[in-house]
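Spelled out, the chains give:
There are 2 protein chains.
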Amino acid sequence: LLPIISIVGRSDSGKTTLIERLVPELARRGYRVGTVKHDVHGFDIDHPGKDSYRHFQSGSAVTVISSPTKVAMVRKVSNELRLDEIVHRYLADVDLVLTEGYKQENKLKIELVRVEAGADVFPEILSPAADLIGLAVIGKTALTPPASHPDVPVISADDVTALADRIQQDVLASRSAGPVQLLVDGIAIPLKPIMEAMVANSVTGLVSALKGCAHPGKIELRIDTRLTPKG
Amino acid sequence: LLPIISIVGRSDSGKTTLIERLVPELARRGYRVGTVKHDVHGFDIDHPGKDSYRHFQSGSAVTVISSPTKVAMVRKVSNELRLDEIVHRYLADVDLVLTEGYKQENKLKIELVRVEAGADVFPEILSPAADLIGLAVIGKTALTPPASHPDVPVISADDVTALADRIQQDVLASRSAGPVQLLVDGIAIPLKPIMEAMVANSVTGLVSALKGCAHPGKIELRIDTRLTPKG
Numbered sequence: 001l002l003p004i005i006s007i008v009g010r011s012d013s014g015k016t017t018l019i020e021r022l023v024p025e026l027a028r029r030g031y032r033v034g035t036v037k038h039d040v041h042g043f044d045i046d047h048p049g050k051d052s053y054r055h056f057q058s059g060s061a062v063t064v065i066s067s068p069t070k071v072a073m074v075r076k077v078s079n080e081l082r083l084d085e086i087v088h089r090y091l092a093d094v095d096l097v098l099t100e101g102y103k104q105e106n107k108l109k110i111e112l113v114r115v116e117a118g119a120d121v122f123p124e125i126l127s128p129a130a131d132l133i134g135l136a137v138i139g140k141t142a143l144t145p146p147a148s149h150p151d152v153p154v155i156s157a158d159d160v161t162a163l164a165d166r167i168q169q170d171v172l173a174s175r176s177a178g179p180v181q182l183l184v185d186g187i188a189i190p191l192k193p194i195m196e197a198m199v200a201n202s203v204t205g206l207v208s209a210l211k212g213c214a215h216p217g218k219i220e221l222r223i224d225t226r227l228t229p230k231g
Numbered sequence: 232l233l234p235i236i237s238i239v240g241r242s243d244s245g246k247t248t249l250i251e252r253l254v255p256e257l258a259r260r261g262y263r264v265g266t267v268k269h270d271v272h273g274f275d276i277d278h279p280g281k282d283s284y285r286h287f288q289s290g291s292a293v294t295v296i297s298s299p300t301k302v303a304m305v306r307k308v309s310n311e312l313r314l315d316e317i318v319h320r321y322l323a324d325v326d327l328v329l330t331e332g333y334k335q336e337n338k339l340k341i342e343l344v345r346v347e348a349g350a351d352v353f354p355e356i357l358s359p360a361a362d363l364i365g366l367a368v369i370g371k372t373a374l375t376p377p378a379s380h381p382d383v384p385v386i387s388a389d390d391v392t393a394l395a396d397r398i399q400q401d402v403l404a405s406r407s408a409g410p411v412q413l414l415v416d417g418i419a420i421p422l423k424p425i426m427e428a429m430v431a432n433s434v435t436g437l438v439s440a441l442k443g444c445a446h447p448g449k450i451e452l453r454i455d456t457r458l459t460p461k462g
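Line by line, the protein sequences give chains A and B.
Take the first sequence: its letter number 90 is residue 90 in my numbering, and every next letter is one higher.
Take the second sequence: its letter number 122 is residue 353 in my numbering, and every next letter is one higher.
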């Protein structure tokens, strides 16, 4: 499964700035990085008057604009997408994903905390200890780790190298992506190697029997089990 | 396969305006419409200073912003995506797709032409006769159909009802979507019902053997046959 690290913290704690610094550092180390921003309030994208904006405003459910160097999409949703769905659909071809926000999802987290001058304890930590791989601290770092999270590494938010090292440890530790990526009802399903081989071989076998598909490279398949084949 | 109708024509012929009018008319008829704009020159989206813009500018390969009502994505590409890839990945859940441009792809087309006052023949038609399902004419429509495309319906570009009727004919005539959507190396592969059932049953069988997946609804699977399963 693709490594996902969430940068979480209170609003205005500096999450966007930290991501802006981590992305180029991780890219410099050879990783292709994707990012996801969780926006609980809604957002505007695209410029009024642009053609793609006009498409979307006219009532399309999804608008895509595609060029030789970039592709962009805006879609309406009736329920917020799960992080796994977003990653499977839109971030399949990156080496790791950094998210801004998503403190409710059970992904690995770096929590950004601001320590006021003169404070002698860390503020309350939002992330469950099991998810937290580091505290990125703005302000004084020389404090005792919080009792709730005694083993968490405490790193200055300015020390981008140390934070990227911490992320890289988890990326390197995670199982490298195999041939199969599977999402079932919005949840990414990890596969044991034997099952992964079985799925890869049986689907590749079926597909290569189709006209013009003798040697498939990338197979992308979507099945809605509630529909039945139609003539 | 999902019906795809391309609105083509010379630049500044009014393609965006026509799409802006067709989308609400088709939506009113109960269709969920997706749109794709082909931009050969590159485009800007997103606002400088916004968080998602900052993510992308910092060097991420893909940036997604997700809210309870909308999701947006910007990604870098090294080669322009094929229309089939775009539709499979981003427009899977719509009833029909309108594209602005994509005259080179072999999809059904409505070509927008401007007839100068006083002209007594149509200008040269860009679309192959086999793809063209209608000429949308700005200006005089009472002209003999061009010799190259003798049977093409000629409709005033202002007559959105007639154009939507023409599109609806093809949508209704196209095979309704079955349970399986398959993309192999960027090309959408149509499946005969027996093969569709075979793929649906075998993959659903494999997946429902996995822990927590006893009754899968939507299965999304991606296989890269060049990779081998890893431990």
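Hints listed in this document are in silico derivations from the structure and should not be mistaken for laboratory results.
We put the beta carbon where it would ideally sit given N, CA and C, even for glycine.
Please note: incorrect hints may appear among the correct ones.
Said to hold, decoys possible - Covered stretches of chain B, as calculated for chain A (at least 3 residues, CB under 8 angstroms):
| # | segment |
| --- | --- |
| 1 | 233-240 |
| 2 | 321-332 |
| 3 | 343-349 |
| 4 | 353-359 |
| 5 | 364-376 |
| 6 | 382-393 |
| 7 | 426-434 |
Hint-by-hint comparison with the structure:
no.	hint	verdict
1	233-240	violated (count 0)
2	321-332	holds (count 7)
3	343-349	violated (count 0)
4	353-359	violated (count 0)
5	364-376	violated (count 0)
6	382-393	violated (count 0)
7	426-434	holds (count 8)
In terms of the numbered hints stated before, the structure departs from hints 1, 3, 4, 5 and 6, listed from lowest to highest.
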